[in-house]
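J.: In case it helps, the numbering used here puts the sequence shown at residues 2 to 314.
These aren't lab readings, by the way, just hints derived from the structure by calculation.
Please note that the accuracy of each hint is not assured.
Cβ pair distances, simulated, as ranges [to be verified]:
hint, residue 1, residue 2, range
1, 177, 94, 18 to 26 Å
2, 191, 92, 28 to 36 Å
3, 91, 252, 29 to 37 Å
Quick list of in silico lysine-lysine cross-link-like pairs, DSS-like style, CA-CA up to 25 Å [to be verified]:
hint, residue 1, residue 2
4, 98, 157
5, 28, 101
6, 55, 98
7, 153, 28
8, 36, 93
9, 153, 101
10, 101, 55
11, 59, 36
12, 93, 55
Idealized CB from N, CA, C, for every residue including glycine.
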Amino acid sequence: MKQKTCIVFSLLLLCWGTLTWAAQELKEAEITEVKNQVVKGIDGTKRPAVLKDKIGEKSVVDTGTASPTELTFANSSVTRLGPSSEFSFSSKERMVKLDKGSFLMHTPPGNGGANVDLGGGVTASVTGTTILVAKDAAGGAAFFVMEGSTGKIVNKDGKITEIHPGEVGTMEAGSSEIKVSAVNVDFIRDHAPLFQEFSSVMPGTEGIQAVSDLQASQIQMEMSVLMAPTEAGLSEGHSSALGMMLGYTAAQTNASKNLILAEPDTAAGREESSSPSNVTDARQAGAEVMTASTSSSVDTASGAEAPAGTDTA
2 MKQKTCIVFS
12 LLLLCWGTLT
22 WAAQELKEAE
32 ITEVKNQVVK
42 GIDGTKRPAV
52 LKDKIGEKSV
62 VDTGTASPTE
72 LTFANSSVTR
82 LGPSSEFSFS
92 SKERMVKLDK
102 GSFLMHTPPG
112 NGGANVDLGG
122 GVTASVTGTT
132 ILVAKDAAGG
142 AAFFVMEGST
152 GKIVNKDGKI
162 TEIHPGEVGT
172 MEAGSSEIKV
182 SAVNVDFIRD
192 HAPLFQEFSS
202 VMPGTEGIQA
212 VSDLQASQIQ
222 MEMSVLMAPT
232 EAGLSEGHSS
242 ALGMMLGYTA
252 AQTNASKNLI
262 LAEPDTAAGR
272 EESSSPSNVT
282 DARQAGAEVM
292 TASTSSSVDT
302 ASGAEAPAGT
312 DTA
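Let the sequences and hints guide you as you build the complete structure.
T.: Here it is, written out as structure tokens:
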């Protein structure tokens, strides 16, 4: 009996130790890639950041124009900062703060995740996830869960909004409303500078591809269609922060007809397609295979043309 008790107690200690390790603090990061003008500041003192610099929780990282950088934490979390961004973090709360700009972050499953301070009393939280976050000059914000677990946004009134993989929560400056939209994961991955302008592959690629494949199957089965943000009811205030993820202006974002996924009847007066030809990105072939196995009545010819006006850039 005593032996069994000791074994159980030992297992409990092991589990406790594992959980403690998994939720380790974000104490320090190392700069693993840097371009052009990146500055780190400590206690009001600023100096140029260089490769392998250590960034502590009292540091603020400032990126200049066309100056992205990458930070890698001890728990293997990777964070990429976009141009013209200001970023800092607090260890015990596992809180990262974005004062302006954008960042892409991957936290491996089991490593405790992270909390994000979006300003104005708005916070977001995730665990084991890849997220893309942006904040425009006016204070509007976008929180995009690309893969992994469901994230949560808590607005200044305490209301909780869940953001599932493939969805973005956008917030206009000064507003407590969080608008949730499904976003074309493939388009973001293929065009966002935080994916394209670095020498290494961002962790979380397999999870992102899984979400991308699911979205493609929904499009092929005509459960969803691709449309511009304005067609899906997003105002320019929501589009502004969303566009920062792509390095777009609000006008360029609203002109991107490959960006938002919504039900076919969402956009008033939108013409319905009788074939799955509205998949215009890299998921075309994979989605066609999925559709062929689901229904033989759907035309999955790979040579189908994109609908008129579809942004295929």
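J.: Which numbered hints are broken by the structure, listed smallest first?
T.: Hint 8 alone not satisfied by this model.
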